[in-house]
Amino acid sequence: MSLGLWLKYKWRNDYRSVWQNFHLMTLTDQSKYFNLYRLGLRIVGLGVSWLLGFGFMFLEHQILQFTIFTSWIGYFTIFYILTPYFERQIAYQQISDNELNFLKSLLKLSKVQGEYLRLIYFIEYALFNTFLSELLTIVGASMALKTPVFVTILIAIQGILFHFILLFFFMMVHEIAVFVNVKHFWLRYGIFGLGFVLLVLVIKISSFIAKNIEPFITNNRLHFAGAVKALLLSGQSVVIAVNAWYPGALVIRNAFEPNLVDSFKILVFLLVIVSLSYVLANQVSSYKQRNFVIANQPIFLDRWLLNRFKTVQNTLFYVYLKEMFIGKLGARRRYMLKTLLLMTGMFMMTHSMASLSGKLVFTFITITGLLIWNHKDTYVEQILGFNAPEILLLANVSNFTFLLNKVIAGIIVRYFEVISIVAFVVGLLPSASIILIMITLALIMMLGQLGTQILTSPYLQVLPSNNQCINRDISRIRSRISQLIRLPIMFSMVLALSQFQSLTQPIFLGAIGLFLLISDAIIIVFLMINKYLNLSHRHMILFGVLSLGGAMVLALNQVQLFQNQNGVGLVLVSLYLIRLYSLLWTLSRQGHFPVIMARNLSRKRK
Amino acid sequence: MIRLEAVSLTLGHTKILNRCSWSFPDTGLFLLNGPNGIGKTTLFRLLMQDVVADTGKIIFTNTSNDIYLVPHEPFIYQQLTGKEFLELIYKVRHQPAKYQTNIWQLCQQVHLSRFLDDQIRTYSQGMIKKLALIAAIAANAQVLLLDEVFSGIDSTSIPVFVDQLNQLKLTHLIILVTHQATILQLISAPRLTIKDGQLSDG
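If you read the protein sequences in the order shown, they are chains P and V. Each residue of the first sequence is one higher than the one before, counting from 5 in my numbering. Each residue of the second sequence is one higher than the one before, counting from 24 in my numbering.
It is worth saying that the hints were derived from the structure and are not from the lab. Please note that the accuracy of each hint is not assured.
To be verified - Computed Cβ-Cβ distance ranges for the label pairs, DEER-style:
1) V:T50 <-> P:I157: 57 to 67 Å
2) P:G8 <-> V:T37: 39 to 49 Å
3) P:L165 <-> V:D177: 35 to 45 Å
4) V:R26 <-> P:I157: 56 to 66 Å
Here a beta-carbon is modelled for each residue, glycine too, at the ideal position from N, C-alpha and C.
If we strip away everything but chain P, and leave its shape as in the complex, we get (with noise of 0.2 Å):
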């Protein structure tokens, strides 16, 4: 009853706050022609709502000649499967937390029932508002497949099932992750090391269909839509070979031929992840009664680490593993994991593929993803000061010695990201002329950055840890200014690898080091002029993507790049200058970049 209630007022609210101040020219929610202008919206969105099903499908059966069986689970997979996922967001968002704090207080609500609250809400908006829209959307995907009604109806319950269900399991997931904070990381690498494990698993099965798309690959070369269409090939005979336990497949199997055996695994399934939510949920409810302590012990490895340190005859061997793996949040060892973790995943990945293209394609997945992935970890950069205690502990080691092993730690932790990278590389390629080639490139890469890191390095200046206001300025600059740093890497490295047989060509390493040096000499430029110049937040931007993208550009006429046509290498400079693009914003969010100002407050503190 009093949920009822609240609802009532609640879409009361949400629906004014849609219409709110919705003006058209003179068409205002007063107007008379206001709802004919709504109605009109609302067609247009189902109509694209239809046009989404029916172009999906059309993609995945005519274009990339999908089977109907297989079309329909890529269809269920992407809608019902891994859509709750990112919606477990939305939902977060329909009720704020300032919102549930005020539920609480007005429905008496636990933590645990603020959830399920947030849950029902967000079915109640999805029903109301995506309903109609699904139901097109189906009808388009249906249409495009010539696909019975029957099936059709079938396929979207047994969607609605799984798609709410899972996104209560994803959303519980959150709350454990967020309630039992650090160690959250765990159980989101946990999940991510879970999926991993398939998906070598699955590559390992689908190997032997491989070898049915290797004349697929030879005869498109280094065709980069070529190897995209193998590759979601070689995922379709994946699907299938995996189709008797995988739940999307079995669904859509049910719904072409229901038979109870199906139906029965399928309610198993369910059931399994509802227990699974419940039980996460009453985990919950269970840990904040008794009042666990969680939030703060150390994990698992912190503790390993000191203990182990007390055994070690080398006190320094301590200043590398603080270096590599004992910072603020757990950030450095989750990024040297995470590294590493990426890494040898796609180096198996990649090893176990014969084609080329499908190397090349993966390679560029593995940098970008890492580069993305990375992003956020500004906590990398930040630099470490050392305690009383642990001064003390290093007593016996005179002062250069231990800057020495602090700064040798840092490098390898800046350059975690590039060794890997070019271990990965190593394992790669097969010539040991290349691998060669590679190591070279890879000092060229540092040497290349040397100009910025004298501007940036932490590693070369020891900061007391206390002075926590100019280490937070500092290390959040110098974390904007990796980012930019690792393009060039990122680029040099996909250029490298899409111009496998230009490799021999000192040429080519004359015309990736040019490219390291002047890009790092533009974004030196770009910091002093900013800072100088006060240019505003367009004209940095602009100015950022026009230098860095024509030194691009020049390094890659030096190569010919260009007169070949190459697939890869015209998809990567588009990506190159779209990543480039959202840094540069990102930068120009945060105002001006005050390396000088801040290295001269730094001084003045000093």
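The hints should help you fit chain V onto chain P, whose structure is shown.
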């Protein structure tokens, strides 16, 4: 009654509570004051189970889950009218008609009644504060946690609210955080503060 038993809480690097033990009775009004950052709001969050204590227990007797928090920046449905918002509160909380009449009278006394048919988004900050405080009173919860609720409220309305709180304290537990000297002068109630991680008489 709310009893804290050896409760410790650290947020970030700041130790807010350190094996703190304290009992709040079932009824009464308490003023919680002290400098910014000592953990007054965090204590409220702890009581709302919004944060979890590192160690220790918080025992609620007779008040389980019936705690109404009015934060410094209260949440209110901006698109509803003031009247609709109050209706939501007392309908959900099943308040009798007589009680509702008192609430409308209170609105009149604090000069809010003529705005009740307007959407809340058109209200000033002070009016929103008034409405949030009236809603808290309308909810008639066993425990009221009020965090800086008087800031922004005009000086003629403050004595009206103080009278209300003085009446409510006979049947409810109210913990009020305020820094305003005028409020401290108007309210005669035990004062508490948080010092060295302990709740103590202020």
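Hints and how they fare:
1. V:T50 <-> P:I157: 57 to 67 Å: holds, 60 Å
2. P:G8 <-> V:T37: 39 to 49 Å: Roughly 42 Å apart at Cβ, these two residues keep to the hinted range, so it holds.
3. P:L165 <-> V:D177: 35 to 45 Å: violated, 55 Å
4. V:R26 <-> P:I157: 56 to 66 Å: About 57 Å separates the Cβ atoms of V:R26 and P:I157, which means 56 to 66 Å holds.
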